[in-house]
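Asks: In order, the protein sequences belong to chains V and D.
Heads up, the first sequence is in the numbering used here, so the first residue is 1 and it goes up one at a time.
Heads up, the second sequence is in the numbering used here, so the first residue is 1 and it goes up one at a time.
Calculated from the structure, these hints are not laboratory results.
All the pointers check out, no bait thrown in.
Taking lysine-lysine pairs in the BS3-like style, the calculated list, with each CA pair at most 25 angstroms apart, reads:
#1 V/Lys391 <-> V/Lys417
#2 V/Lys220 <-> V/Lys159
#3 D/Lys85 <-> V/Lys159
#4 D/Lys105 <-> V/Lys60
#5 V/Lys60 <-> D/Lys85
#6 V/Lys159 <-> D/Lys66
#7 V/Lys81 <-> D/Lys128
#8 D/Lys66 <-> D/Lys85
#9 V/Lys391 <-> D/Lys14
#10 V/Lys347 <-> V/Lys417
#11 V/Lys391 <-> V/Lys347
Some chain D residues near chain V, calculated using beta-carbon distances under 7 angstroms:
#12 Thr16
#13 Thr62
#14 Leu72
#15 Leu74
#16 Met92
Per the computed footprint, the stretches of chain V lying under chain D, defined by three or more beta-carbons under 8 angstroms from a beta-carbon of chain D, are:
#17 50-57
#18 194-201
Just so you know, even glycine gets a beta-carbon here, dropped at the ideal spot from N, CA and C.
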Amino acid sequence: MLNTHYTDVAIIGGGPAGLAAALAARRAGAEHVTVLERNHELGGILQQCIHNGFGLHRFKEELTGPEYAYRFIPQVEADPKIHVYLNTMVLSLSPEKEMTAVHPVHGLINLKAKSVILAMGCRERTRGALSIPGTRPAGVYTAGTAQRFVNMDGFMPGKRVVILGSGDIGLIMARRFTMEGAKVEAVVEIMPYPAGLARNIAQCLEDFDIPLYLNSTVTKIHGKDRVEGVTISQVDDNWCPIPGTERYIPCDTLLLSVGLIPENELSQEAEVPLDPRTGGPIVDESRETLVSGIFACGNVLHVHDLVDYVSEEAEIAGEAAARYALKQTADGVVNGKNGMGGQFTIKPGDGIRYVLPQRVTQGAEVDLYMRVTQPMDAITLSLSGVTLARKRQVRPSEMLKIKLKAQHWDSLLEDGKAQGRELCLAAEPRL
Amino acid sequence: MAIDTQVGEELKRKMTCIVCPTGCQLEVQRDGDGKLSITGFQCRRGEAYAENEILNPRRVLTTTVKIRNASLPLLPVRTTEAIPKELLAEAMQVLAQVEVTAPVKTGDVILANILDTGIDVIASRDMKRVEGVA
Ligand SMILES: Cc1cc2nc3c(=O)[nH]c(=O)nc-3n(C[C@H](O)[C@H](O)[C@H](O)COP(=O)(O)OP(=O)(O)OC[C@H]3O[C@@H](n4cnc5c(N)ncnc54)[C@H](O)[C@@H]3O)c2cc1C
Ligand code: SF4
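Isolated chain V, as found in the complex (with noise of 0.2 angstroms):
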């Protein structure tokens, strides 16, 4: 029989996520918080994206991503009621919020907690998601295995290469193999705009003259044992290449940037329902998942381009993770909340890709983050017909924030739009 322990907050992973909601769990009163973490050091992602541009919008200055985490790691390491576990894994996480976790010297450990916080990040898409045809030589890597290799384990990959799909890693990736000395010969991109943040081709690509290649993918992998080179194509409206565009550009390293996907295995065992459109779980404001008790925040829950969002987040979580624990009797009975009276949900309209949290309660102001489906010009951001902002410009890249206010509610509510207690969110272009 495994001895079970017991905490009121436990939260998977220290991320900064992870990290910012302990430290607000504890602000809202939880007297024991666990950080569950399989690295053997706090931090998550960002100990290894060693470049500028976290943090502008929480410290008004530019940290690099250790710096970030910084801000978060000695307060949690200073805290007697945060008890960090390092190099462990979660294995298991039930509806009834009890956690089976392997650690180096305690072997198998059971868990139980009065709430959870999901914040186990996200992972990279693979080759196999994608399906290149051609060989399978080595020198094909995601962006983010070739950040680890180049800024932790101080190993290059290769000296001349070939980046698919314009995401923010692999835009990093492209300066950073550049400054190491080696020749990026292109970014090749699928879609008719890049993926990644208009500053990092600014400064990443156009700052050393590295071509990117729009509506174009790689359509063959060339070599035996290494990576010899790839044939890119440009694609028509239906992504099919198009005969007769082929380039053969020579190459021994391929990286692949083509997306990030929230890890959500635990979530699921635990029975949460997923978003589809997000990949992550459907939350309400205070980012409790449909499983009362078990909240989520960070890249699990929808891919971030800021971190600075995923600290908000992850405040707002760890707050109602607290206070759900908190209000938790002794027999496990919670009283009052998840009620469901008066939420609505909101669905994404024409325009929107996303919109979280995909529950609102009623009159609730909150925070409202969304993407667009593509980059538009002059667009009106409304809900069931209510004008909640006006935008100059919106790319895909960059998630929009926008709250949702008293006086909102009140247009809603009044003129009957909010039919059925669904709302809609759309993104139409202004005349």
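Mind docking chain D with the ligands on chain V? Use the hints.
Replies: Chain D with the ligands alone, transformed into the frame defined by chain V:
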């Protein structure tokens, strides 16, 4: 895309502001007398960025140096401020020769006054000393 059209002292350039994630599209024009007119920014920092980009482009350098007696072979470092863009490659060469020994604290000066810029290179994380690691 940075597009330049230069006629004598006159210049017209489009650029993306990299100061914050908003990434405003800026346009700079320099007339015959060398006067700059800048449009497209949403805040003062963007205006200053565009002016610098024409007169004296600078970038913060982030990279790594070798470290001994730590849990990892590399220590991430950065310049405390942006250095002239044309010095980036040379600065990389200088830093490739640098090797430090753990322990190191965030903000420790790793190399003072790099290439006589008056700007220091500092550690961007803590690195504890680990015994038994070369
Ligand atoms: C390459 C890259 C570049 C970026 N550049 C920028 C930038 O310039 N500016 C910016 O603001 N943002 C940037 N971001 C975004 C930002 O870094 C992320 O949004 C943020 O790190 C997400 O935080 P997180 O805590 O949700 O996830 P993570 O940082 O991924 O942390 C998740 C943690 O959970 C742990 N974990 C997962 N599963 C388990 C388990 N079963 N048991 C125990 N532990 C587990 C993992 O080991 C990890 O430490 C970048 C992201 C990447 C990947
Ligand atoms: S002009 Fe201001 S708001 Fe626009 S990108 Fe530059 S710093 Fe950001």
